[in-house]
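A.B. asks: With the hints as extra help, turn the sequences into a complete structure.
Chain order of the listed sequences is A and B. Residue numbers are given in the working numbering: position 172 of the first sequence equals residue 172, and the series is strictly consecutive. Residue numbers are given in the working numbering: position 140 of the second sequence equals residue 140, and the series is strictly consecutive.
There is no bait here: all hints are sound.
Using 27 Å as the maximum straight-line C-alpha spacing, the simulated DSSO-like pairs for lysine-lysine come out as follows:
#: 1; chain 1: A; residue 1: K139; chain 2: A; residue 2: K179
#: 2; chain 1: A; residue 1: K187; chain 2: B; residue 2: K90
#: 3; chain 1: A; residue 1: K139; chain 2: A; residue 2: K128
#: 4; chain 1: A; residue 1: K206; chain 2: B; residue 2: K90
#: 5; chain 1: A; residue 1: K128; chain 2: A; residue 2: K154
#: 6; chain 1: A; residue 1: K179; chain 2: A; residue 2: K154
With beta-carbon atoms standing in for the labels, derived distance ranges:
#: 7; chain 1: A; residue 1: D182; chain 2: B; residue 2: T51; range: 31 to 41 Å
#: 8; chain 1: B; residue 1: P6; chain 2: A; residue 2: H186; range: 49 to 59 Å
#: 9; chain 1: B; residue 1: E11; chain 2: A; residue 2: K139; range: 42 to 52 Å
#: 10; chain 1: A; residue 1: E33; chain 2: B; residue 2: T4; range: 53 to 63 Å
#: 11; chain 1: B; residue 1: T145; chain 2: A; residue 2: K179; range: 46 to 56 Å
#: 12; chain 1: A; residue 1: R53; chain 2: B; residue 2: P6; range: 46 to 56 Å
#: 13; chain 1: A; residue 1: S156; chain 2: B; residue 2: K170; range: 55 to 65 Å
#: 14; chain 1: B; residue 1: G107; chain 2: A; residue 2: L194; range: 44 to 54 Å
#: 15; chain 1: A; residue 1: R166; chain 2: B; residue 2: S154; range: 34 to 44 Å
Part of the chain A face toward chain B, derived, beta carbon under 7 Å:
#: 16; residue: G67
#: 17; residue: A101
#: 18; residue: L204
Hints in this document: simulated from the structure, not taken from any laboratory. Beta carbons: idealized from backbone N, C-alpha and C, even for Gly.
What follows is the residue order along each chain.
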Amino acid sequence: MATEGKHGMAGAVAPGFILDRREAVPALIGRHEDFLIIAGLAGTAREIAHLTRDGGHAYTMAGAMGGAAAMGLGLALARPDRRVLVVTGDGELLMNVGTLATIAVLNPPNLSIICVDNGHYGETGYQKSHTSLGVDLEKMAQGAGIARTRTVAKESEIADGARLLREGNGTSFVLLRVKPTDPPSHKRSLDPALERLRFRQALLGKP
Amino acid sequence: MAETAPSWPNELYDLLRRNGVTQFSYVPDAGHRVLIDRSLADPGAQSVALTTEEEGVALCAGADLGGARAVLLMQSSGVGNCINMLSLMKGGRFPFLTLVSMRGDFGEGNPWQFPMGQAVDAVLAAMGVICLRVERPEEVTPTVTAALTMAFQSGNAVAVLLTQKLIGAKPF
Numbered sequence: 001m002a003t004e005g006k007h008g009m010a011g012a013v014a015p016g017f018i019l020d021r022r023e024a025v026p027a028l029i030g031r032h033e034d035f036l037i038i039a040g041l042a043g044t045a046r047e048i049a050h051l052t053r054d055g056g057h058a059y060t061m062a063g064a065m066g067g068a069a070a071m072g073l074g075l076a077l078a079r080p081d082r083r084v085l086v087v088t089g090d091g092e093l094l095m096n097v098g099t100l101a102t103i104a105v106l107n108p109p110n111l112s113i114i115c116v117d118n119g120h121y122g123e124t125g126y127q128k129s130h131t132s133l134g135v136d137l138e139k140m141a142q143g144a145g146i147a148r149t150r151t152v153a154k155e156s157e158i159a160d161g162a163r164l165l166r167e168g169n170g171t172s173f174v175l176l177r178v179k180p181t182d183p184p185s186h187k188r189s190l191d192p193a194l195e196r197l198r199f200r201q202a203l204l205g206k207p
Numbered sequence: 001m002a003e004t005a006p007s008w009p010n011e012l013y014d015l016l017r018r019n020g021v022t023q024f025s026y027v028p029d030a031g032h033r034v035l036i037d038r039s040l041a042d043p044g045a046q047s048v049a050l051t052t053e054e055e056g057v058a059l060c061a062g063a064d065l066g067g068a069r070a071v072l073l074m075q076s077s078g079v080g081n082c083i084n085m086l087s088l089m090k091g092g093r094f095p096f097l098t099l100v101s102m103r104g105d106f107g108e109g110n111p112w113q114f115p116m117g118q119a120v121d122a123v124l125a126a127m128g129v130i131c132l133r134v135e136r137p138e139e140v141t142p143t144v145t146a147a148l149t150m151a152f153q154s155g156n157a158v159a160v161l162l163t164q165k166l167i168g169a170k171p172f
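C.D. replies: What follows is the structure in structure tokens.
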């Protein structure tokens, strides 16, 4: 992507937005059935619906922007016996970046977060996000106090990131830098109440 | 504040725990001091300090997905921070219980508290949250008992407003 912009911070743009999310996200997650998944709205919701075939172990959002990480925290605290994975985008996480602090002080060992960072608001027409302009969400996660963080920006780093997500010694955060291209699409339920019932039925055996 | 501390906050905490509430989330607030302190000291509860109240709304939804019960403790000023996130509760028909300590209400001495304090009922009603007001100590237990049933049995979003008649107005 062109890095010239009226914000004048082009020199601070990280060069690393090269991975293809269609390959990198599934490779980083691995066996998705091992996780209870909360996906933030837009791109990550679509790719999680695609990856899981809109499965009952995934709650994919299409609104409530800024809520994915906190929702994952509530689920992780409720189910310490299960591994919970939040998959969200840079724009969604930036809206409530303070949630990283909320999570860090509790440090639930069964919670992992992937931020798929394409540096853009893809859903609304690929306007640049702050992460294209120098903001580093891995550093913000570190600054919040999350001890286990990685930036995965090339293929050779995916395996290490995948290991971190499954370690379970504390909350982990992986910033996955990808190029700003569309995620795969999949027909999915957009009814948040239906999704709730389906998720609870799959996990708890009751709606 | 020379008189003895009222007993209803401790009774309220015990009521919530007896009804299976395990997650207590809050932005620190004097009106919820006893509940916050009890949740911090309770090994059977999870005490979640938030950076903004809307995180607590999403947290409650996540707890429900996992089969747990959560309560969001906030001041009236925090209600405004929750508006769009309440879409999740209304659209998802999540059970939701919040206890709101009121400001900008009966006897308030800080003019900054009035705009949001006076808008609490309208804002919550607009987002589909049922409001129950408590003005007297003896109303706390029956009102929160009703709210627990309305939220966790009937699947509604319910706010219990702990008014300044109940908790007193902070002196300025």
